[in-house]
Structures are given as C-alpha cells and as structure tokens.
Amino acid sequence: MDVLSVARRIPTWLLPLIAAVIVIAFPYLGAQSPVQRQVILICSLALLVSGLNLSLGYAGELALGQAAIYACGAYMTGYLGSHGYTDIVLQLACAIAAALVIGLVTGIPGLRLGGWALAMVSFFLVLLVPDILQLFANQTGGAQGLTGIASPSLLGKTLTPNGFYVFATTVTALWLLVLRNLVTSRHGTAFRVLRENPVLASSVGISVFRMKLSAYAIGAVPAGIAGCIFANLDQYLSPDSFGFALAVSILAASVLGGSASIYGAVVGAVILTLGPLESTSFQQYSLVVYGLLLLVGGIVLSIGIAGVLQRVWARVQRRWLPPARSAPYEGDLLPRTEGTALSVDHLVKSFGGVNALQDVSLVAQPGQVTALIGPNGSGKTTLLNLICGYYRIDGGTISVGKEQTTHRPYRIARSGVARTFQTPSIPREITVAEAVRAGRYATQRAGFVPAVLRLPSYRRARASDVEEARRVLALVGLADQENEIAASMPLGTRRLLEVARCVIARPKVLLLDEPASGLDENEVERLAGLIRKISDSGGTVVLVEHNFRLVLSVADQIYVLARGQIIAEGPPSVIEVHPEVLTEYLGVRVPEADDLLRTPSEVADND
Amino acid sequence: MDAVWSGLALGAVYALVALGYHIVFVSSNAFNFAHAQLIMLGTFIVYWGSVTLKLPIGLVFLLAAAIVGGVAVLEERTAIRIVRGTEGQLVTTLGFATLLNGATQVIWGGSPLQVPFFGSSNVLVVLGGHVFPDDLILMGVAVVLTIGFVLVSRMTVLGIALLAVSEDREAALMRGINVRALGIGAFAVSGIVAGLLGPLIGPKTFAVATLGSDLALKGFVAMAIGGFGSAPGALIGGFAVGLIESEAGRYLGASYSNLMIFAVLLGVLLLRPTGLFGHARERMV
Numbered sequence: 001m002d003v004l005s006v007a008r009r010i011p012t013w014l015l016p017l018i019a020a021v022i023v024i025a026f027p028y029l030g031a032q033s034p035v036q037r038q039v040i041l042i043c044s045l046a047l048l049v050s051g052l053n054l055s056l057g058y059a060g061e062l063a064l065g066q067a068a069i070y071a072c073g074a075y076m077t078g079y080l081g082s083h084g085y086t087d088i089v090l091q092l093a094c095a096i097a098a099a100l101v102i103g104l105v106t107g108i109p110g111l112r113l114g115g116w117a118l119a120m121v122s123f124f125l126v127l128l129v130p131d132i133l134q135l136f137a138n139q140t141g142g143a144q145g146l147t148g149i150a151s152p153s154l155l156g157k158t159l160t161p162n163g164f165y166v167f168a169t170t171v172t173a174l175w176l177l178v179l180r181n182l183v184t185s186r187h188g189t190a191f192r193v194l195r196e197n198p199v200l201a202s203s204v205g206i207s208v209f210r211m212k213l214s215a216y217a218i219g220a221v222p223a224g225i226a227g228c229i230f231a232n233l234d235q236y237l238s239p240d241s242f243g244f245a246l247a248v249s250i251l252a253a254s255v256l257g258g259s260a261s262i263y264g265a266v267v268g269a270v271i272l273t274l275g276p277l278e279s280t281s282f283q284q285y286s287l288v289v290y291g292l293l294l295l296v297g298g299i300v301l302s303i304g305i306a307g308v309l310q311r312v313w314a315r316v317q318r319r320w321l322p323p324a325r326s327a328p329y330e331g332d333l334l335p336r337t338e339g340t341a342l343s344v345d346h347l348v349k350s351f352g353g354v355n356a357l358q359d360v361s362l363v364a365q366p367g368q369v370t371a372l373i374g375p376n377g378s379g380k381t382t383l384l385n386l387i388c389g390y391y392r393i394d395g396g397t398i399s400v401g402k403e404q405t406t407h408r409p410y411r412i413a414r415s416g417v418a419r420t421f422q423t424p425s426i427p428r429e430i431t432v433a434e435a436v437r438a439g440r441y442a443t444q445r446a447g448f449v450p451a452v453l454r455l456p457s458y459r460r461a462r463a464s465d466v467e468e469a470r471r472v473l474a475l476v477g478l479a480d481q482e483n484e485i486a487a488s489m490p491l492g493t494r495r496l497l498e499v500a501r502c503v504i505a506r507p508k509v510l511l512l513d514e515p516a517s518g519l520d521e522n523e524v525e526r527l528a529g530l531i532r533k534i535s536d537s538g539g540t541v542v543l544v545e546h547n548f549r550l551v552l553s554v555a556d557q558i559y560v561l562a563r564g565q566i567i568a569e570g571p572p573s574v575i576e577v578h579p580e581v582l583t584e585y586l587g588v589r590v591p592e593a594d595d596l597l598r599t600p601s602e603v604a605d606n607d
Numbered sequence: 608m609d610a611v612w613s614g615l616a617l618g619a620v621y622a623l624v625a626l627g628y629h630i631v632f633v634s635s636n637a638f639n640f641a642h643a644q645l646i647m648l649g650t651f652i653v654y655w656g657s658v659t660l661k662l663p664i665g666l667v668f669l670l671a672a673a674i675v676g677g678v679a680v681l682e683e684r685t686a687i688r689i690v691r692g693t694e695g696q697l698v699t700t701l702g703f704a705t706l707l708n709g710a711t712q713v714i715w716g717g718s719p720l721q722v723p724f725f726g727s728s729n730v731l732v733v734l735g736g737h738v739f740p741d742d743l744i745l746m747g748v749a750v751v752l753t754i755g756f757v758l759v760s761r762m763t764v765l766g767i768a769l770l771a772v773s774e775d776r777e778a779a780l781m782r783g784i785n786v787r788a789l790g791i792g793a794f795a796v797s798g799i800v801a802g803l804l805g806p807l808i809g810p811k812t813f814a815v816a817t818l819g820s821d822l823a824l825k826g827f828v829a830m831a832i833g834g835f836g837s838a839p840g841a842l843i844g845g846f847a848v849g850l851i852e853s854e855a856g857r858y859l860g861a862s863y864s865n866l867m868i869f870a871v872l873l874g875v876l877l878l879r880p881t882g883l884f885g886h887a888r889e890r891m892v
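Respectively, the protein sequence lines represent chains Z and D. Just so we're aligned, residue 1 is where the first sequence starts under this note's numbering, counting upward by one. Just so we're aligned, residue 608 is where the second sequence starts under this note's numbering, counting upward by one.
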C-alpha cells in the first residue's frame, strides 16, 4: 500500500518533464546530427499537430490551414535570415505574429459558417501557397526556392548546430507546457463543452464564435514556431515543402495520435516521421497510406493512441489510485440568492405560418417558483428559447430586471440567466465536478494568460471553482460522485447535475426545462425540495414541467399555455380546479365547464 | 467574349461539382469532400477505356458510370454510414479523397493525360466568341441537370422525402421514409452522374491527379456563393467562379485567379454567410 500512496503523490507532469529533459540533452548524450535532424523534424510536426488538435480535438472544428501558416512562418524567418536579421528570438516573434494574423484573417470568415466552411477556407489557403510565393518571387525565390538564409544567432552569437537543436527542442517543450496548462484549466473544459454542444456552451455564457476563433488563432502560433525552426534547419525553403501532402499528413498524425490530447501530437509526429512513410520506396504510396490512415482512424480510433492510453490510465487510477475524497462540505449550502424579476411582455413568435406564441405576457418574481404548463406543442420550450436568445423575437419584449435582453445567448447567460435542458447535455470524458464548474466559466472570468502561466489570480479562481463545486454538489446531494465521469451517470443524476451547473453560477433567473421527466418518485421528491430551497433563498425559478403534481406542490404562480396563448394564470389552488385548464391540459371533460369558464380572471385574460 | 465562354465552360464544371455536393448534402446531411475526386476518377476511367482499351464511346460511358458509381457506394459504406458526427465524416471523406488522389497517382502517374473528345473538336463562333462544342455541351448539361434536380425535388414524392430527410432525419425515419436507402441512393446517383460526366469533363481538364483538389475547392466556393442547400445557387455560383477565374487570369495574370476566387469566398462568407440563395435556419434546442 505504501507504493500506491507514493505513486499517487507523483505529479502527472513529472514523466513528460523527464522525457523532455532527456530529449533536449541528446547532443550531450552523444546523438549525431542525423538523429538531431530527425528529432527537430518531429518537433516541427508535433508543433503543427498540436495546433490542429486545439481546433479539431478541443473546439471541434476541422482546420487544414496549418501547412499554409507553417509556410508563412518559415518564409518570414527565411526572409529575415537572408537579410541579416539572424537573431532567432526576433525571427520567432515575427513568425508567430505573422501566423496569428493569417489565423485571424482566415478564421473569422471560415468560422462564420463553421463545419466545412472552415475546413475548405483553410484548405484553400494551402493551395494558394505556391501562387502567393510566386507573386512575391523577388522576396521568396518563387518556385526555385529561397536560398541564402544565414545561420541563426542568439544574443549576438551564431548558434552552433547543437545550440540550435537545444533551442528548437526547448521551444517545443515550452509550447507543449503552455498548451497543457491551457487545456487542463477551466478553458480546456470550456472547449470540451463547446465541442459537445454549442447551445450548451452559450447557455453557460461562452461566446461560441470567439471561443472557436481563440482555439483556431492560438492553434496558428505553434505553426509559426514550427516554420521558424524549419527555415533554420536546412536554411533553404521551397514551395514543395508546404503542399497538400503535408496538410494531410498533419491531419493523419493528429487522428493517429489522438486529437483531444497534448502528448498525442508527439506520438503521431513520431510515428509519421520515423515510420516507413518517409522512406523513398514508400514515397509514391504516401497519399494512399495517409488516406487509409484517415479513413481507418476516423472510424476505429476516434480517440487516437493517446486517447486509448488515457482511458487505460484512467481505469488504472480508478482501480488502484482513487483520488482522495474531499471532506464533506461544511458551511452554508445555499447562501442568499440575488434573484431578479423576469418579465415577458406581449411576446410574439411565428415559424413560417405557425404562430408559436401570440401575445404572451408573464412575470416571474424573485423568491417564487413560476411554473409554465401546457400540452405538447403549446409553445413552452419556444418561450424558454426566446428568453435565452436562441430565437429572434418577432414582437414584444423580454426583460431581466430592468434590462431588456438581446438576441445573443451568451450575453443573456452572462447577465444571469441559467437553464437546464430537456435532454441533459453533458460533455463526454469530464468528471461530475468539472461539468459543474463549467457553469462558472462566464460569470467568474479568468483569462487565458493567467491560466497558461498559472498566476496567483488563476490559482485563486481555481480554488474558488473547486470550493463552489463542492458546495453545490453537496446541495444537490451528489458530493459522493464528484470524481465520476459525468456522462456515464444515470438520467436522474444528470438532471441534478444540470441544476447544480446552473446554481453554481448564482443565476438571477433559473429556467428549468422539464427537469422531472424520466425521474422516479424519490428523485422527483428530491428535485421538489431542491427547487423549493432555491426559491426560498431568494432565487427566481421558472419551471416548465408536465408533472402536474410536482407543479402544484412547488409552484407559487402557474401560467397555462395552450396553442401559443396564456389561457389561465394563478396560484395552484386556482389552476387545480380551473375548468378550461382541466379540459385543455388534462383532457378531463367537466360537464359544467362552460358555466364555470366565465370567472372574472378568465375574462380579463382573454381581453 | 472568348474569355467569357471559357469562364462559363470552367464554371459549368464547378457547378457540376457543386451539384454533386448538393445532392449528397440534401439527402444524407453529409459533406462529401471526395465528390470532386469521384469526377476526377471518371476522367481517368474514360482515358483508360477510350485510349488504353480503345472501347467504343457508349461502352466508355457505361464503364465510367459503373465504376465511379460503385466507388461512391463504397465510400458511403466506409466513410459515411459508420461514422458519426460532422467532424468525423469530414475526416473520413477527406481520407477517401486522399486515397483516390494517391491511388490514381500510383496507377496512372502524375503527369496529365489527354482525354479525347468523342464529338467534333472544331471551334465554333458563337456570339462573337470562340468556343468548343464540348464546352457548350458542358454548360447545357449543367443547366439541364440543375433544372432536373429542382423538378424532382419539387414535383415528386422522392423529392419531398429528400426534403424531409434534410430537414429532420429522425422525423423522416418515423414517417416511414427509408433514410438509409436514400442516403446510399444519393451517393450512387452522384457517383453515376460523376462517371457519366467523365467523357465531357476529361477533354477539357485532362486526367490528372491534382484535378480533384482544385475542383473540390472551386466547387465549394460555387456552393458558398450560391448558398448551401440550393441547386440553382450551385449552378450560378459555379458560373460565377468560372468567370472570376478566367477574367482575373486574363486581366491580372494566371497567379491571381485563385487569389481572386479566395478573396470572393472570404467576402461572401463575411458579408452574406448564407450565400445568394441560401436561407438562414434558426437553431433548435
């Protein structure tokens, strides 16, 4: 058992660190220049793949432009090197800057449409490389290639081959460290949420477009670094090095190594660089092999080699090295919630010829549960989607407090509106605690740079994330499951998890979309208690639900929606016996309904 | 006028590629990266049939349609049906495209092969410009195929079923539409059409292993300009791309033609992401 407790205390970064130090020290361990050259080529490819992984594996967008951005970084360096600017740090900075510009310029239009648009725009970029080089033939050498690149220097001294090797491998290792810090931080979770479901991402306040653009633009940085290294390696550049085959081999390395992984980039790069592909006899079959790799990789190895290893490791950890349970949360489970009134005024929405909502008005007060019931297709979820900004409003207004909402879902989420979904939406491969912490992404901001450098502000934000997650998990009764994989939990748990994800953001308005469907009686009871607690602490809760008994037991105010109109409103005692509601919603025919229909409040409603 | 004709003829080829994307997109909601490679394969098969085997032209058409159709069905089985999610399918169809690029290069080599045209090669003078009969036929075929596709999708039960599938796959399945059959049928049809176009496109573009990537991009730009999910949009987008390419090549120089197309693509995506004929759809939760 002692061995296990020691093993548990070994940090996960120790092994990669040792590996990196050994690789960097190769020249002093007797490695000759052919070996050094291979390692530098592996570094370049690994950098390129890591950039692709950020957009493909984490943000879920296929981008093929790494090869073009690589060319841009390489030619930028080559131009500087052949004009007397040999300082490699300057070259690196310029290459990264140029790469970022290209990444932003091509990312913005490509990401407007997403999916194939980005794939195609970035692919087009690769095919443009020879044309652009030809246009600037005086600077780039055009099809003949760029020669006369002077040896790089550092701090005024020309770098020896060994020195260049150490520089290249160190920069690569540092970049991988940056990336590791980024994806293991809350931003990594945000990327996974985005990849799983953009709608979910915007519901926790993540701007889908900006997040994807960040992933794509940050992914351009390593391509620029790789270009700088490559230009100084052979001190000769030719357009042939940056073609379609390179673009495909980057993708193949990514798929093979595992797109959603940092070290997968290195694994894929090693295999593709040292594997049989590069030997001359295989050269003519390389495209066939890449094609097969992509096809098989896309089908069988959707998680890549690193993904397989990660799963094995996760299993080993769960079996023999379970993470220490955190102590039971002590403290106030639900401090006072600052709820804000939500008011919907004369809302109109139609889809084509269908009037989904006609002149709907309602108010949800803080400290109360406002329920919205109605038959299927009556417009309940449409109303929630309008409140969250997923649809454009055709008429009327929605306000949170005094402020009218916009039509940008992530802004609405940031202004304090949190929601759950009819089908719980939980990203794969993350733990219960991480899934809950995702709810704090937008409300408690922390930038990329503090996360990468692990600054005190990042550590503070992280500590409070962890603490808050423990609080809300204890509140919903899931404290024991915090280290389980969230997506593997049963439906009832996932629903509670969604509620926890909303509560952790301390929302001004909480929208629950059919939270009780699929739950058993015990779970419904727990849910009812939870809803009551939230509203008692001052929260504004809007509950859309079919479970009539649950609604009657927790709601303070009930609105009944039918065919896009509010047909009744009032406290449970009124709705329970409201004849039109019983007719419409429960399908009960009350014989004397017509006589009872004309209650004063009903007349006022229909006016 | 010469440049206009050559632009329109090129544009017809791009429109045909875009139409192929469109057919598959409408029926299986997938983007078939490899469609341009299927057309490229068609030109190689035609070269093989008419130059190597010296078959009569009728048989060449049949051969190309059968082989390319078969390859397309194979693609549907390996790269689409068993793969879930858009990114996954993008990777696998790109893999299939790369495979076709590599395979044609291994079999037929890297240099362009001249594909003979079965009809007359005498230059005609139409509206004051010189044009090959093959070019006129290509334009005609592009227009006729577009009209045909629009008619099928508007007038027949099959077309309405296709619309239903592209709108909501699961709902269509529940209404008794055989979604799988439609998906594989769409690949078969797009493959057969790609094969049948081989004898028309080959003489214009030559059979060369880099043709696929070039056509894939231009076809995509055609679709982006016209608007995703619109057949007439694909046609007009294709002609627009062809015209831009030939006019830019004429006035600015050959190395500018791709750059101009890229600039137009960026402009369209920035200013009107839905294209000229596309419609924005509201997201569902």
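If you're looking for bench data, these hints aren't it; they were derived computationally from the structure. Backbone N, C-alpha and C define an ideal beta-carbon position, used for all residues, glycine too. Keep in mind that a hint or two might mislead.
What the hints assert, rightly or not - Chain D stretches covered by chain Z per the calculated footprint, using a threshold of three residues with CB under 8 angstroms from any CB of chain Z: (1) 692 to 705; (2) 746 to 756.
As the list claims (entries may be wrong) - Example chain Z residues on the side facing chain D (calculated, C-beta under 8 angstroms, incomplete): (3) LEU56; (4) MET120; (5) LEU251; (6) PRO456.
Here is what the structure says about each hint:
Counting residues of the stretch 692 to 705 of chain D whose C-beta lies closer than 8 angstroms to any C-beta of chain Z gives 12; at least three are required, and the coverage claim holds. Check result for the stretch 746 to 756 of chain D against chain Z: violated, 0 residues qualifying (beta carbon to beta carbon below 8 angstroms, three or more required). Because the closest C-beta pair between LEU56 of chain Z and chain D is about 7 angstroms apart, less than 8 angstroms, the hint holds. This hint holds: MET120 of chain Z has a C-beta 4 angstroms from the nearest C-beta of chain D, less than the 8 angstroms allowed.
The closest approach between the C-beta of LEU251 of chain Z and any C-beta of chain D is roughly 7 angstroms, which is under the 8 angstroms cut-off, so the hint is satisfied. Of the supplied interface hints, the one on PRO456 of chain Z is violated, with its beta-carbon coming no nearer than about 37 angstroms to a beta-carbon of chain D, more than 8 angstroms.
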